[in-house]
Structure formats: structure tokens, C-alpha cells
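Trainee: Protein chains in written order, with my numbering: chain A, 1 to 236; chain B, 1 to 77.
In case anyone wonders, no lab produced these hints; they're calculated from the structure. None of the values given here were measured: they were computed from a predicted structure. Ideal placement from N, C-alpha and C gives every residue a C-beta, glycine not left out. Some hints could be false.
[To be verified] A few chain A residues that don't get close to chain B, going by computed Cβ distances all over 12 Å: (1) 11; (2) 132; (3) 189; (4) 191.
[Claimed, not checked] Capping the alpha-carbon separation at 30 Å, the derived lysine-lysine pairs in DSS-like fashion look like this: (5) 136/A x 29/B; (6) 54/B x 136/A; (7) 29/B x 159/A; (8) 136/A x 48/B; (9) 136/A x 119/A; (10) 66/B x 219/A; (11) 103/A x 11/B; (12) 11/B x 44/B; (13) 66/B x 103/A.
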Amino acid sequence: MTKEFEGRTEQEAIAKAIDELHIEREDFDVEIVDSGRKGLFKKNMVKIRVHIGEDEEDQEDLPFIDDSYDDHFDDVVVSSQPLAPEGELEEQVVEFVATLLSKMGYPGTVTINFRKDHKLGLNIDSEFSSIIIGRKGKNLDAIQLLANVYAGQIDPDQKIIVDSENYRMRHEEQLIRLAYKTAEQVKRTGRSKLLEPMNPFERRLIHSALNDVDGVDTKSEGDGLYKQVRISCTRR
Amino acid sequence: MEKDLVEYIVKSLVDQPDEVSVNVIEGEKSTILELKVASDDVGKVIGKQGRIAKAIRTILSASATKSGKRAVLEILD
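The whole structure should be built from the sequences, with the hints applied where relevant.
Mentor: Structure follows, in C-alpha cells:
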């Protein structure tokens, strides 16, 4: 069983969960759905999801956060059931990605994760998901790019987000953790650190994660699509 | 097969799919695929700053790791 709680801090949310469910802290697992730190202009509430007992499968229906920097997490409608494609565009894009995968030699099932405005989230379920994602999501990004070009021929406004095994959300969390960890190092040593090259979306996550952290400053360095973020100390 | 994969991707992206042809040169350790498209479609296959060509090559090498051979895509103009 899973249940969601909100609070100003993680501790507050956990305390609410203990209160309401009358259980001990040891009896459940806490998953942070929204760390509350991603908002660019205001601090969001921390949202946690509490897992009681064993239910590994619930990992599957995490909400997909596609715009971590805006405040509209909740209007992304994510069904726990994969959605079937509707309409010509969705059918064609799903068909394109599925055929692409099988021609690559890594067949899988393509379903719809969510629909929001002009965004369409696709999910790939396959025994080959590790190679479909690739190192640092390289293959998943390539598939997503081609799916976007393909969909763009039908409707130029349509954006496609391709995911597998919840990689995109896990990756975002990992980046934010990296940002905090590196910021701590920078504060401790007083020496600035340069992160690996990242795309604009990834850099934005780092910048906004550290926006409300005192004592460090972030700046992008370099040219082109893939720039590097430098985290430096503001105190001397 | 790699030829089939490249043909499928490229034909899905261009305006003149009938003009797409892929010539395969099998080497000992690598396979070279020479891609020809209608001259108006070259930009569609390469993309801004080579983004589409890069994505096709990424997918091609992911697929080629299965056979253990390297696959190289050359776009002829």
C-alpha cells in the first residue's frame, strides 16, 4: 500500500504519515516525490510517498516530472495503467518507435505514459531496456530526438518524451543529489568545481537546485548545446 | 539488420523515400553503410549541427553492438 503526504520539510511530511497511519517509522519506506527544492521562484512543499509492506511494483507508476522547474507537478495526469494510443499522431509515433526498436534488434512494448498540452510521454517496456537507455541515456535521447523529428512532420508543435524504466526521473534526482554534494565540497574546500558537460535541461536543474543554497554560485561555461556548470564559493 | 534499420529511419524522415538507398560495404571488423538521399533531403537527414545524423549513428552503433561489429554511417552528397 502507498500513500502520499505533504509537508514543509521531509521530516514534517514523515511525521504526518506516522500520525495518520499509526505506524512506526521502521515499518515503511519513504520515497520523495517532490523535494520542494526545484521551484525556481518559490519553495514548494515536500511531497513524500510512503510505502508500507512490500510493493515493488508501485515504482512503476511514479508521476513523470517533465518540467521540474515549473510549479505544475500535479496537473500531469499519470495513469497507473499504460494508456493506449489515441488518434492518428499517437498511433503513428508509437508505431514508429516500436518499429525502430525491433529493427535495432531490441524489441519492446511502447505505451503512452502521459499527455499534457503538446507533450506526449512514451514508455518503452523491454527486456533490453538497459541498452535502449544506453550510457547516460545516450540511446534513449537519440530515440527521443528521432521520435520528435518524426512527430514534427505531422504536428510541428508536438513534443515527445521517451522514457524507459523511469530513467528520466531517476536521472533528474541523481543530478540534483550531485548538485548538493558538489556544493558541499565547494563550500568545504573553497575551491570551485566544474561539472561534466550537460544539456540545457540538465544544467537548468543544477542551477535551480542550488539557487536557494547559500554560499555557492553557479555559472555555465563553454559553447554549444553541451556546456559545463561551474559551482563556486561566494564566501572568501 | 543494419541496412534495414537505417533505411527505415531515413525513409520515415525524408520527403522522397523512394530516393533513399543504402549501400553496404562489409569489412572484417566493421560495416560501412553509404546512404544516398535526394539532394533536397540531405538537410533532413543531417539536421541542425548534425543532430539527426548523430542520433542515427548512435542508434546504429547501439544496434551493431549486438553483432559485435562496428557500423559506420556515411552520408553521400
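Trainee: Compute the least Cβ-Cβ separation between residue 189/A and chain B, then decide whether it is above 12 Å.
Mentor: At about 36 Å from chain B, residue 189/A clears the 12 Å cut-off, so the statement holds.
Trainee: Holds or violated: residue 11/B and residue 44/B, Cα atoms, limit 30 Å.
Mentor: holds (11 Å)
Trainee: With a cut-off of 30 Å on the C-alpha distance, tell me whether residue 136/A and residue 48/B pass.
Mentor: holds (22 Å)
Trainee: Starting from residue 136/A, check that the Cα of residue 119/A is at most 30 Å away, please.
Mentor: holds (23 Å)
Trainee: Just to be careful, I want the Cα atoms of residue 54/B and residue 136/A compared with a cutoff of 30 Å; is the pair within it?
Mentor: Roughly 16 Å between the alpha carbons, so the hint for residue 54/B and residue 136/A holds.
Trainee: Holds or violated: are the alpha carbons of residue 66/B and residue 103/A at most 30 Å from each other?
Mentor: The hint holds at about 12 Å.
Trainee: Holds or violated: is the Cβ of residue 11/A farther than 12 Å from all Cβ atoms of chain B?
Mentor: About 43 Å separates residue 11/A from the closest Cβ of chain B, which puts it past 12 Å; holds.
Trainee: Check the non-interface label on residue 132/A: least C-beta distance to chain B beyond 12 Å or not.
Mentor: violated (8 Å)
Trainee: Under the criterion that the straight-line Cα-Cα distance not exceed 30 Å, is the pair residue 136/A, residue 29/B satisfied?
Mentor: The given pair, whose Cα atoms are some 26 Å apart, holds under the 30 Å limit.
Trainee: Does residue 11/B sit within 30 Å of residue 103/A, going by the straight-line distance between their CA atoms?
Mentor: Holds, at roughly 14 Å.
Trainee: Hint check: residue 29/B vs residue 159/A, CA-CA at most 30 Å. Holds or violated?
Mentor: violated (38 Å)
Trainee: Measuring Cβ to Cβ, find out whether residue 191/A lies farther than 12 Å from everything in chain B.
Mentor: holds (33 Å)
In terms of the numbered hints stated before, the structure departs from hints 2, 7, 10, listed from lowest to highest.
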